[in-house]
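Residue numbers (the working numbering), protein chains in the order written: chain A, 1 to 215; chain B, 1001 to 1224.
Calculated from the structure, these hints are not laboratory results.
Keep in mind that the hints are not guaranteed to be accurate.
Said to hold, decoys possible - For each label pair, taking beta carbons as the anchor points, the in silico distance ranges come out as:
{"id": "1", "chain 1": "A", "residue 1": "L52", "chain 2": "B", "residue 2": "S1153", "range": "20 to 28 angstroms"}
{"id": "2", "chain 1": "B", "residue 1": "A1115", "chain 2": "A", "residue 2": "T188", "range": "31 to 39 angstroms"}
{"id": "3", "chain 1": "A", "residue 1": "Q15", "chain 2": "B", "residue 2": "T1118", "range": "46 to 54 angstroms"}
{"id": "4", "chain 1": "B", "residue 1": "F1185", "chain 2": "A", "residue 2": "V87", "range": "19 to 27 angstroms"}
{"id": "5", "chain 1": "A", "residue 1": "V87", "chain 2": "B", "residue 2": "L1157", "range": "24 to 32 angstroms"}
{"id": "6", "chain 1": "A", "residue 1": "N6", "chain 2": "B", "residue 2": "S1153", "range": "41 to 49 angstroms"}
{"id": "7", "chain 1": "B", "residue 1": "T1118", "chain 2": "A", "residue 2": "E209", "range": "17 to 25 angstroms"}
{"id": "8", "chain 1": "B", "residue 1": "L1083", "chain 2": "A", "residue 2": "P200", "range": "40 to 48 angstroms"}
{"id": "9", "chain 1": "B", "residue 1": "F1185", "chain 2": "A", "residue 2": "R206", "range": "45 to 53 angstroms"}
{"id": "10", "chain 1": "A", "residue 1": "G192", "chain 2": "B", "residue 2": "Q1133", "range": "39 to 47 angstroms"}
To be verified - Partner residues are not named here, just some residues of chain A that face chain B (Cβ under 8 angstroms, in silico):
{"id": "11", "residue": "Y56"}
{"id": "12", "residue": "G62"}
{"id": "13", "residue": "P64"}
{"id": "14", "residue": "F70"}
{"id": "15", "residue": "G75"}
{"id": "16", "residue": "I78"}
{"id": "17", "residue": "Q110"}
{"id": "18", "residue": "V152"}
{"id": "19", "residue": "I163"}
{"id": "20", "residue": "F184"}
{"id": "21", "residue": "T188"}
{"id": "22", "residue": "Y194"}
The beta-carbon is built from N, C-alpha and C at its ideal position, and this holds for glycine as well.
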Amino acid sequence: MTGEFNLFHAGYLLQGAVWTLLLAVIAILGGGVLGLVVAIGRVARPWPVRLLAGAYVQVIQGTPLLILMFIAFFGLSILGITLPALVAAGVALVLYSAAFLGEIWRGCFQAVPQAQHEAGAALGLRPFSILRLIVLPQAVRIAVPPTVGFLVQVVKNTSIASIVGFTELARAGQIVNNATFQPFLCFTIVAGIYFLLCYPLSCWARALERRLVPA
Amino acid sequence: MSYRFDFSFVPQYWHLFLEGAQTTLLISLAATLGGFALGTLCAVARTRGPRWSRRLVTAYVEVFRNTPLLVQIFLVFFGLASLGLRIDATTAAIAALIINMAAYTSEIVRAGIEATGTGQMEAASALGLRPAQAMALIVLPPALERVWPALASQFVLLMLASSVTSTISVEELTGIANRVQSDTFRPFEVFSIVGGIYLVLSFLLRGALWLAGRLLFPWRWQAA
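So here's chain B without its partners, still in its complex pose:
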């Protein structure tokens, strides 16, 4: 083995890596917020909605949890374009990630709602709250608190999975890596560094999500 590792390109390209990391985080944030909102709606529709909405959500969840994200991205980007709806790569990537994320989130949140029990809902309606109020104020907070760790790891997985959006030419961290390696002909070094950046990002994200859990569900803090 006569290969010589050469990391001398790093300072010159560092700002590009940072830009890529920033794009990765922005895409992930948009997809997480969108997917979380849509997923929670789906979870409510599946646990409390009429029968047609339960069936619809079930079908949606099963289809998107049993097909690869990459193919979903292709369908949104190339498929929609062929149907006449042209959207740019970043929008397509975020849309595909939201749809994918919502399917997973909805299953996690549903488990939380089911574990919270119908007694809470009945107590809320006995107090005169409307069903939507009861759901938003009484059932969802403890339900989300219960499943927050599972949601947090799903969010981290989404950030890592966003790397495949580079295939439709999104310039996030992996896309940047591809560009830098074709510039420097140092693919192994480039991807090792980018792997390290992803590792740091996932640790930071985990920490931020732990903190967010503390801020979103402060009563747990106070009781302890």
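Same shape as in the complex, but just chain A:
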């Protein structure tokens, strides 16, 4: 596959983009579920739960994603499991996304005024019903724009998986570059593909935000 940049190389990059998307979907689904647990933990009644969830967020947000990936990669192999780089990268991205999504969602939950809880109680609703019927619907509405905004971060951060040896878009770009010796062209195309993936999400997030806060 050496020689000038050609259609074969372009196809290889697109294949990498598919892996990038797959990794992003894993991160978002896994991170979403775990992030919900983190968010609930951060506002839970018992203080040890709050402390634990808070510590989790602090540790993950204070460590580079690349280091998390290395730890997941080598940690899993210590456990005697030899898994493809996709799993290590996926695990690290899930842990990472959970910390950020958990914080975003906690903020949205707490942005619903306390008076809404009290109003629900005054209407005689039980605590669970207050959450389900009054607080959560409002919190979800506030949470959608920043969550979509975070998807952009996730898609971009999947590129770090290339460093632990997973062949997604950025790694595919390096491989094609090694074959063609046209780094400028090659990485511009890679950047262009990332842009095509991320820019619509950014625009969507902004549009959602505008709808939420009428100017």
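Following the hints, put chain B in place on chain A, whose structure we already have.
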């Protein structure tokens, strides 16, 4: 599971870790200062500049916020070299981090400027200040104060993101970690320790930025 953790290499390599941490901090400091300056200029150009400068800054911000830092680093390092401009890895890393950082900073500072309102600008020009003076003396201080927490967390994110510069062979903390783990064959232990060092660095940086906010915007202190 029969793995035995072995941290006995730590004392021998400790000075290397410290050197790496120092490089990480230096790169981050350079990128933060450069990115902050460039980003603030961009924010001013986007809010108060002529239409062409607004469009230019908007395009710049969108391109760099919607592509990964890693690819930007590759473009600066390998791309520029292929165009005949050879720069060493550390310079390329700092340049890429500055360009990336400025795009984020400019959006944050722009929000601050817009929240400060045009009334301040008009009052300043009524007092006879030139537009540049009005911007620097009247509008920017409260604008920056307002968005300082967001800027501070962006600076911490930049420090953590600088770890990916190890891929172009910059010998910062992660680069050192790679070297030590290939020496000791203890990757899990090495990366756990380095993760801990990053955690400490990010706490220290957060504290320093909080203090810097107090020093940069002393009027808030005095009023309280």
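We went through each hint and held it up to the structure:
Range check, A:L52 to B:S1153: about 22 angstroms between beta-carbon atoms, so the 20 to 28 angstroms window is met. Taken as a hint, the range 31 to 39 angstroms holds for the pair B:A1115 and A:T188, whose Cβ atoms sit roughly 36 angstroms apart. With their beta carbons about 51 angstroms apart, A:Q15 and B:T1118 fall inside the hinted range of 46 to 54 angstroms. A hinted range of 19 to 27 angstroms holds for the C-beta pair B:F1185 and A:V87, which are about 22 angstroms apart.
Taking 24 to 32 angstroms as the suggested C-beta distance range, the pair A:V87 and B:L1157 conforms, at roughly 26 angstroms. Between A:N6 and B:S1153 the CB atoms are about 44 angstroms apart, so this pair conforms to the stated range of 41 to 49 angstroms. In this structure, B:T1118 and A:E209 meet the distance hint of 17 to 25 angstroms, their C-beta atoms being roughly 22 angstroms apart. Take B:L1083 and A:P200: their Cβ atoms lie about 30 angstroms apart, and the range 40 to 48 angstroms is violated.
In this structure, B:F1185 and A:R206 meet the distance hint of 45 to 53 angstroms, their C-beta atoms being roughly 48 angstroms apart. Separation of A:G192 from B:Q1133 is about 41 angstroms and conforms to the stated range, judged on CB atoms against 39 to 47 angstroms. For A:Y56, the interface hint is violated, the least distance from its beta-carbon to any beta-carbon of chain B being 12 angstroms, above 8 angstroms. With 8 angstroms as the threshold, the beta carbon of A:G62 comes within range of chain B, its nearest partner Cβ sitting at about 4 angstroms, so the hint holds.
The closest approach between the C-beta of A:P64 and any C-beta of chain B is roughly 4 angstroms, which is under the 8 angstroms cut-off, so the hint is satisfied. Contact between A:F70 and chain B, as hinted, is supported at the beta carbon level, the nearest pair being about 4 angstroms apart and thus within 8 angstroms. Restraint check, A:G75 versus chain B: the minimum CB separation of about 6 angstroms is within 8 angstroms; hint holds. Nearest Cβ of chain B to the Cβ of A:I78: about 5 angstroms, under the 8 angstroms cut. The hint holds.
At its closest, the beta carbon of A:Q110 sits 16 angstroms from a beta carbon of chain B; the interface hint therefore is violated under the 8 angstroms criterion. Satisfaction of the interface hint for A:V152 is found here, the shortest Cβ-Cβ separation to chain B being roughly 7 angstroms, below the 8 angstroms cut-off. For A:I163, the suggested interface contact is upheld, since its CB lies about 6 angstroms from the closest CB of chain B, less than 8 angstroms. At about 4 angstroms, the closest approach between the beta carbon of A:F184 and any beta carbon in chain B falls short of 8 angstroms, and the interface hint on this residue holds.
Residue-level restraint check for A:T188 holds (minimum Cβ-Cβ distance to chain B is 7 angstroms; threshold 8 angstroms). Evaluation of the A:Y194 hint against chain B yields a held restraint, the C-beta minimum of about 5 angstroms falling below 8 angstroms.
In this structure, the hints that do not hold are numbers 8, 11 and 17, in rising order.
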